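J.: Start from chain A and add chain B according to the hints.
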Amino acid sequence: MKREFLFSGFGGQGLLFSGKVLAYKGLIEDKNVSWLPSYGPEMRGGTASCGVIISDEPVGAPIVLHPDVLVAMNLPSLDRYEPAVKPGGLILVDSSLIGRKVERTDVSVLYVPATRLADENGTSTLANMVLVGRLLAELGEYNEETVDTALQKCVSARHQDLLELNRKMMEIGKNYEE
Amino acid sequence: MTEKVLMKGNEAIAEAAIRAGCRHYFGYPITPQTEIAAYMAKRMPKIGGTFLQAESEIAAINMVYGVSAAGKRVMTSSSSPGISLKGEGLSYLAGADLPAVIVNAQRGGPGLGGIQPSQSDYFQATRGGGHGDYHMIVLAPASVQEMAELTIRGFELADEYRMTAMILADGTTGQMMEPVSFDFEVKEPPAKPWATTGTKMARPHNIVNSLYLVPEELEQGNLDRYARYELIKEKEAKAEMYLTDDAEIVIAAFGIAARVSRNAVDEARANGIKAGLIRPITVWPFPDKAFKSVLPHTKAVLSVELSMGQMIEDVLLAVNGQAPVTLVNRVGGMIPSPEQVYQAIVEAAKKGGN
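If you read the protein sequences in the order shown, they are chains A and B. The opening position of the first sequence corresponds to residue 1 in our numbering, with each subsequent residue numbered one higher. The opening position of the second sequence corresponds to residue 1 in our numbering, with each subsequent residue numbered one higher.
By construction, these hints were calculated from the structure, which means they are not laboratory data. Don't take every hint at face value.
Claimed, not checked - To list a few chain A residues with every Cβ distance to chain B over 12 Å, as calculated:
#1 Met-1
#2 Gly-12
#3 Gly-19
#4 Gly-51
#5 Ala-61
#6 Glu-82
#7 Leu-90
#8 Lys-101
#9 Tyr-111
#10 Tyr-142
As the list claims (entries may be wrong) - List time: in silico DSS-like cross-link candidates among lysine-lysine, alpha-carbon distance up to 27 Å:
#11 A:Lys-153 to B:Lys-4
#12 B:Lys-42 to A:Lys-31
#13 A:Lys-153 to B:Lys-200
Unchecked claim - Anything over 12 Å on all C-beta distances counts as not near chain A; from chain B, calculated:
#14 Lys-4
#15 Ala-59
#16 Tyr-161
#17 Ala-258
No experiment lies behind these values; they were computed from the predicted model shown. For every residue, glycine included, the Cβ atom is placed at its ideal position computed from N, Cα and C.
The following block holds chain B by itself, in its conformation from the complex:
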């Protein structure tokens, strides 16, 4: 086993990207994710890679488009307002079926908002982020170890399905340090026969494009993409189940909210309340089956979020009226405390779920 090191979540993302074979990073500084760019700036020149601080977020995402079209693994990162700026590029990447990894270390919004952690870009991330019908694979790490693992997984999934994978982190998970080990296998990227690598006069031109003026062609592209999405929903949805086997009060929470909720579940259990936690690791595709599996014994579901209630819509769809679903939240850069979540569990248990 390789040695564990203490690293910030943001640094772990950068190191994992390098280990995944990413040699091209483009970004523009914004708190609270600047450590990613700083790490890349230090490392990329030493390993023959490219670090480039673009003139803007929009420039950076279009550089990502270019490198991806050329068949190489590529990443950019930003925080909420910067991700909005990248929205156009995300849509173009989807329209051209290009793989890439995008990191969002979320901060409070809307607008410039603040610099403290948030999860209020959930809608933006899980519904696509830009215009048009499309999705990104959205991975939600809750620890520094997972920041590393899911970044590598993000590159693999992006290549496999030819789409963008977003690491939906937040200010806290990006800034915190925890032990991390990089002791895992990285799959070789698949062949990319569609990449614009030069014909060498031996094959027809490859064209990477998101403009399809013939409606039938554009429709077909959408249908093909959504057929792929169905496959992804079937195969790639993931959640961690914590003490859910007999849980009557089930918490749904991802990322930092799940870390807080875990404390609350432990306290509830210590006080005789059968509480459990479903932690979505992929938020798109959403792990519907995880929720369906606990419904027979679940009396109430609490959606714990750093937003005004975004993931709760997916939870409601998954639970489908079989149990009441209540929001437990803080916003604006605030994090719900374990006490707040615990009190909500106690309340829900008192009501017997009704």
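The shape of chain A in the complex, shown without the other chains:
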């Protein structure tokens, strides 16, 4: 099986980091993975995105053009990438930051007020991890052990104090129900 993910939003929302946690989890589970950030002019405009591919087979092109899963953390990202999602795919929307609904009817949609939930529980800057928690739960891929190892690999030595908070945010996401 092969799944392509696209995380998109403003620079600073931790999209690259959430993609990395997902990719590391794949690596720990012996999957083939790739992670590709945007680094071009669009980043200078304030939008950051990264594509993650997790696959049983070797990954060919690491570029995600038609994601199975889109995680949108701002309106421009939803506007831009909603049409690109594969039919039957999944869109996660941070509904505390994006006012509109998804227009497509051939995809599943999860509205998660991630920024509000994160804010209420300590820090709004970890809304990304709320979304990753919700995403993994939805896919039936929330494996506590590999999630935990992936987090330990991704949270830098300098920020070890934030490890517990990251964990907590993912759990809030996992347990969130609309």
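T.: For chain B alone, kept in the frame of chain A given last:
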């Protein structure tokens, strides 16, 4: 087996260089390869090495010349416009028969161009890059694992043949993260009796130089070098063959273009088209034999590139009129999509190769 870690291609190059025994790195920042310098800046001071941000690309390549002349493994890295600046130094390294590893994480050009990936420095890399008759060994990684492996191989080849090895990467392969394992042997560098290490009053002076004013001597240097190049062409050309055994439509692509092409080949196969991929791992020497081996069943060749058609000239030489060769490309920092390549395969299959 050592644990696999998730790393950016650029970081994997830097780590591999350190594992290859490189303790001297000189560079000047430029997107999209700055992670190499950043990694070296962090690591080199901890392992007794030198990281130096030079005042310019030209200064950096001349520092490489100095360290190499002293017999040590040394590396510099840059991206397209910066490599042009290093051109003079590359020629001097060749003229003095000095080993070194040079990384080019290519971006779109010409001029300052852009910062997105490109393969439009293929001519520059495979034909030498600076003035005079010379070549570099040019290695073209297509994955983060290969960024590591080919960097180590680059140091070995550079020492063995006393010439520069270039890692011809691009913005995408440099920026992407993939699992990488550093579980491989590194050969000890060979003895370098020519190095300027001090005579200790026990031997004649070694002189490292690229100035030969007597034409007969300069000619002989060129002839010797080209004799070595023939040996390298014979021994070191490498390509990965993917589903080429019965392929009628053969794609030629290296680096990121090969990754995209692989998807297109898979799709073509799923739709009953006998497509395959030849991925040059060395682009100089070019793997001519890989192409010759598929010619008996090949009806058409597609050269997939992030350039206006540079590698296609080597493909044409290798195919030598035995099959039509068509360019499939995007430029300016754009990457051909798997769909674009797949459509080109379908077109070629329809024409039956003619």
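J.: Which numbered hints are broken by the structure, listed smallest first?
T.: 3, 4, 5, 12, 13, 14, 17
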